[in-house]
Amino acid sequence: MKYLEMDHVKKSFDGLEVLKDISLSVEGGEVLSIIGPSGSGKTTLLRCATLLETMDCGSLSYLGESAAEIVDGRSVYKKPAELAKIREKFGLVFQSFNLFPHFSVMKNITDAPIHVQKRPKDEVYKEARELLDKMGLGDKERAYPCQLSGGQCQRVAIARALALNPKVLFFDEPTSALDPELTGEVLKVIRSLAQMHITMVIVTHEMAFARDISDRVLFMDGGVVALQGTPQEVFGSDNPRMKEFLGRYARL
Amino acid sequence: MSFSVMLAQLADGMVRTVGIFFLTLLFSLPLGFLVCFGRMAKKGAVGNLVGILFRAYISVMRGTPLMLQLMVVYFGPYFLFGMSIGNKWRFPAIIIGFSLNYAAYFAEIYRSGIESMPIGQYEAAKLLGYSRTQTFFKIILPQVIKRILPAVTNEVITLVKDTSLAYALAYAEMFTIAKQIVASKSDFTPFIIAAVFYYIFNLIVAVAMEFIEKKLNYYH
Ligand SMILES: Nc1ncnc2c1ncn2[C@@H]1O[C@H](COP(=O)(O)OP(=O)(O)O)[C@@H](O)[C@H]1O
Ligand SMILES: [Mg+2]
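Chains as they are written, first to last, in our numbering: chain A, 809 to 1060; chain B, 559 to 778.
If a hint is listed, it holds; no wrong ones were tucked in.
No more than 20 Å apart at the CA atoms, straight line, and that leaves these computed lysine to aspartate or glutamate pairs for EDC-like:
no., chain 1, residue 1, chain 2, residue 2
1, A, K887, B, E681
2, B, K684, A, E896
3, B, K684, A, E861
4, A, K942, A, D930
5, B, K684, A, E890
6, A, K975, B, E681
7, B, K601, A, E861
8, A, K886, A, E873
9, A, K996, A, D947
Just so you know, the hints here were simulated from the structure itself, not pulled from any lab data.
Based on the sequences and whatever the hints tell you, model everything.
Shown next, in the form of structure tokens:
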């Protein structure tokens, strides 16, 4: 089943066309990585998918439930109540974590399941502790975000998103704000999620990582999908733009 | 006049001064939020109009002397509607005048705090499914309070001293009584007592606010 489907997505910011007719879909259990030079529109695409940004044109649906459809060449969104239901289907891990600084680690993770999803407290706490153990943060539940390293913060952010049991989890450059020695611990966690067949869409600049864990890779350039396919197909492609892009990474 | 008699008379005034202080805070702190939201309204034509009105309100409140505003509130009912104003109206007029004025200052402090919040906090809350009310009260407001506390402390300390402006309406608070005794008895002591009183009052306020700031220092 298609967990995420986006078709003919267009988005401009004051005349600057950032997304020029992008279509993509993600199957349940699939890991899709999105790579591409900075400014190519990757973040904007994720923000459109997660309803943080409204598309000018394009349709968007999760598990067959439509959030927006194209009518006369423009996106028409569903009513706020319906969008709120669709929001339950996905989570997003931000580049800059966006943890709530005044909440402890535990409260960051449990507050939304308890007060938004209205699930029983005991069950939520139990699950949160399991999540924290899985993230290697079993001893941090009482800590506040300001007492944690960037890598630990990002793992809490991942746990916070997972606690709501999303069908699709988006990551926008989850390791870009981290010191190099901390990226490994976050990538390890994401890798473990891939092994659990959690459906993920990951924007990343970690090429080796993308090649390793993705079922499919999508290369964006200048607001269009320049290339997509299996990691082997994309990274082994003769596409000149892709080669130039990879070349830049090889030189780094 | 013996020192103890003087002190007893001034003590009455002190109680009234403290009364003005607390009642003003009680009304102006919440009212500030109302003014702040009005000032920040911008959705649609109505929102625009509301925004302009509250902006004008803040501008007038901050642009004219508080003493003058107190006079307007006190004498306004008589000059505008021909209502008789008596002794009973004096105290409410003072509290209304102070509250309206301080609400304007607090509104601007709240606004600066709310606008300083990173957009990522709103976006994270939205992604997690929090409603707008939940987002404001659970995520935004607690952080805003921490951010604005130093500015609020400044304002509260100014209020302690501003209470003496009630003397313009001949309300028998601390400063009014001190002035009367000095004038009638040609004794300067009440002013010294008044100074010590205001200073200690502010010291207590400062210590209390510092205590709250420390309480909120468990994160940054
Ligand atoms: N809110 C915005 N307003 C104006 N321009 C924007 C906005 N968001 C992104 N852009 C522009 O869109 C382009 C693509 O940005 P982005 O999606 O962040 O790319 P990427 O994530 O691939 O680096 C950039 O030129 C950026 O300046
Ligand atoms: Mg980006």
